[in-house]
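With chain A's structure known, arrange chain B with the ligands on it following the hints.
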Amino acid sequence: MSFLSVRNLSARVKGGPALLRRVSLDVAAGEVRGLVGESGAGKSMIGKAVLGILPNAVQVTGGEIWLDGVDLLALPVAERRRRIGAMAALIPQDPLTALNPSRRIGGQITDRLVDILGWARARAEARALELLAEVQIADPARVMRAYPHELSGGMRQRILIASAFAAEPKLIVADEPTTALDVTVQKQILKLIAGMQAKHGTALLFVTHDLGVVSKVCQRLSVLYGGMVVEDAAVRDFFAAPRHAYSAALLAATPKYTDPMASLTPVPEAVIAAVQAEVAAYDGGAHG
Amino acid sequence: MGLLRVLLLRLATTAVTLAGVAVIVFFVIRVVPGNPIAMMLPPGATDADIAQLTALYGLDKPIWQQFVIWLSGVLQGDFGTSITTRQPVLGLVLGRLPATLELSIMALVMAVVMGGLAALWGTKRRGTRVEGAIDVANGMALSVPDFLWGLVLILLFGVLVPVFHISGRVTPSLDLPFTTNFYLFESLLRLRFDLWADIVSHMFMPALALAIPLAAIIGQLLKQSLKETMHLDYVTLARTKGYGETHVILREALRNAVLPTLTLVGVQFTFLIGGTVIIERLFSYEGLGNMAIDAVINRDLPLIQGIVILFAVIFTGVNLVVDLLYAALNPRLRHA
Ligand SMILES: Nc1ncnc2c1ncn2[C@@H]1O[C@H](COP(=O)(O)OP(=O)(O)OP(=O)(O)O)[C@@H](O)[C@H]1O
Ligand SMILES: [Mg+2]
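As given, the protein sequences belong to chains A and B, one line each in that order. Note that the working numbering has the first sequence beginning at 1, numbered continuously upward. Note that the working numbering has the second sequence beginning at 1, numbered continuously upward.
It is worth saying that the hints were derived from the structure and are not from the lab. Accuracy of the hints is not assured; some may be wrong.
To be verified - Computed list of lysine-lysine pairs in DSSO-like fashion (alpha-carbon distance at most 27 Å, straight line):
{"hint": "1", "chain 1": "A", "residue 1": "K199", "chain 2": "A", "residue 2": "K187"}
{"hint": "2", "chain 1": "A", "residue 1": "K14", "chain 2": "B", "residue 2": "K227"}
{"hint": "3", "chain 1": "A", "residue 1": "K14", "chain 2": "A", "residue 2": "K48"}
{"hint": "4", "chain 1": "A", "residue 1": "K216", "chain 2": "A", "residue 2": "K191"}
{"hint": "5", "chain 1": "A", "residue 1": "K187", "chain 2": "A", "residue 2": "K216"}
{"hint": "6", "chain 1": "A", "residue 1": "K170", "chain 2": "A", "residue 2": "K191"}
{"hint": "7", "chain 1": "A", "residue 1": "K187", "chain 2": "A", "residue 2": "K48"}
{"hint": "8", "chain 1": "B", "residue 1": "K124", "chain 2": "A", "residue 2": "K48"}
{"hint": "9", "chain 1": "A", "residue 1": "K191", "chain 2": "A", "residue 2": "K48"}
{"hint": "10", "chain 1": "B", "residue 1": "K124", "chain 2": "A", "residue 2": "K14"}
{"hint": "11", "chain 1": "A", "residue 1": "K48", "chain 2": "B", "residue 2": "K227"}
{"hint": "12", "chain 1": "A", "residue 1": "K187", "chain 2": "A", "residue 2": "K170"}
Unchecked claim - Per label pair, the in silico range of CB-to-CB distance:
{"hint": "13", "chain 1": "B", "residue 1": "T128", "chain 2": "A", "residue 2": "V60", "range": "18 to 26 Å"}
{"hint": "14", "chain 1": "A", "residue 1": "A120", "chain 2": "B", "residue 2": "D194", "range": "46 to 54 Å"}
{"hint": "15", "chain 1": "B", "residue 1": "L156", "chain 2": "A", "residue 2": "A141", "range": "55 to 63 Å"}
{"hint": "16", "chain 1": "B", "residue 1": "L7", "chain 2": "A", "residue 2": "A141", "range": "30 to 38 Å"}
{"hint": "17", "chain 1": "A", "residue 1": "R243", "chain 2": "B", "residue 2": "G244", "range": "42 to 50 Å"}
{"hint": "18", "chain 1": "A", "residue 1": "V60", "chain 2": "B", "residue 2": "P145", "range": "44 to 52 Å"}
{"hint": "19", "chain 1": "A", "residue 1": "A141", "chain 2": "B", "residue 2": "T180", "range": "46 to 54 Å"}
{"hint": "20", "chain 1": "A", "residue 1": "S39", "chain 2": "B", "residue 2": "A133", "range": "34 to 42 Å"}
{"hint": "21", "chain 1": "A", "residue 1": "L73", "chain 2": "B", "residue 2": "D194", "range": "54 to 62 Å"}
{"hint": "22", "chain 1": "A", "residue 1": "D139", "chain 2": "B", "residue 2": "G132", "range": "48 to 56 Å"}
{"hint": "23", "chain 1": "B", "residue 1": "A133", "chain 2": "A", "residue 2": "G201", "range": "47 to 55 Å"}
{"hint": "24", "chain 1": "A", "residue 1": "G62", "chain 2": "B", "residue 2": "V113", "range": "40 to 48 Å"}
Don't be surprised by glycine CBs; every beta carbon is placed ideally from N, CA and C.
This is chain A alone, in the form it adopts within the complex (with noise of 0.2 Å):
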């Protein structure tokens, strides 16, 4: 089985419309996979449900996580938090709200290393120092005692990937960890997760709004819309001849690097109506 497994998972808002209808998309070790969709199909519920930091209003209404040969939600609350905090990690979207205001860095770069792994403290800190040397920040000691006001949101981003990494995970979650940041820092940092994650072979999830990007990190990728995957490809095939009329009309309103200023083909009326006919009969069948 792939290190993570998400078979067949349901979720919905308490006593509202579902989010997720029966997701399932596997990552092997080492791979990275593309989740992508328009805004609001899912994607982050999907990156949350997996690090078991659903919102309180959102409840798992059927399925399995199965990481490294564990179904996470079977586990109870704490044992999940413990089991995920030792062997996922999460790069979040925004650097400037992810970091907290009123402690030190070098401590949120350790405390998991600490606390979670039962490291000494000395040795997670050299650990500490080491990877903000590996994300490329220049002074790195001088950055563990800052406090994140002091620093640029791109410096920040790249304490939070060293973050992300410290602990060796076996799986990051990257929830579009450039959409906060300047367009200049955009390509470094995206850069940077592509060389860190194929240094320390670590299967990553990503997820992203833009094709561009799964054609130069991703080895697969699912389409999701509406809480449902419509496509599950390699990214060389996908990309050749996509096979889902809603992943073709993505992949057509999709700047392409060779010729940028062609014109673009948002998705066609038609095709959306095909697919929410599709997430309709799906609500009406007997998965509910």
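Frame of chain A, contents of chain B with the ligands only:
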């Protein structure tokens, strides 16, 4: 803004504030009818007697002249002489200050502990019946003012189940070895736990009465602010690191949630100190507030002035401490 600048700025504004308070209190209590001299003399005193005493206390001079005399005295540390006790006002007031300080601080500690625990527990159990119960208790605590809580406590623990003393600061028959008037503090330092227990038993109910409404405010505000903080990204990130909810609340959320609460608690603490006036009366607790009421009843003008100025000093002092704490807790202010 650095700590030093906060301090200097506040000292400057404090001087202006105190001057304003001095002017207002001086003139207002002289406008209110009631002659202090007539009240101290026995019935049948002659007009000549009254005139003589009035002159002795300088009350025959025009008001502005009295003010100048009083103010120049104050600036040299002489707050005049109490009309009723004929002792220097400064000594009287400073003699009572420790009692009121100890009561207020005890009440503050109780309020912070009770309110803080309620907020933390309510946050941990948010969205459950526990949180609902805490909200109801907070609402009840807030809907009754401190002096009525005092009466309720007297009925409960003074009369119905008499476990605490309901009157005074210490049992009068006890031999007190103290050199200061900080009884609570000094009894601890001298390791006289017998006396300490007696003092706490006297202080417990008035302090609790003062603490209950403030505890409710702290509980509500801190819980609200904690709950908002629990949705922030860095708190969520901490959860993915493997931490449990209690740890996340205490280490990630608490410090940032405390800041907005702190300012309000400072303001509310000055209200609490104001509340000591009536609470001390209710429990016959020998502090400044009790003395203030006596001074007003007796129209002891110099004493009233002294007490009001001292309260003003305390209030501005509390606000200063809050501002410094805020600056110290907030890394943005500390380094900029
Ligand atoms: N706390 C919440 N309570 C209820 N519904 C929510 C909550 N958060 C998100 N949703 C809903 O869940 C659905 C999926 O949200 P999700 O954040 O996964 O979308 P997404 O694909 O990540 O979109 P985006 O590209 O905008 O980030 C949306 O319809 C959203 O309205
Ligand atoms: Mg999202």
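Which numbered hints are broken by the structure, listed smallest first?
none
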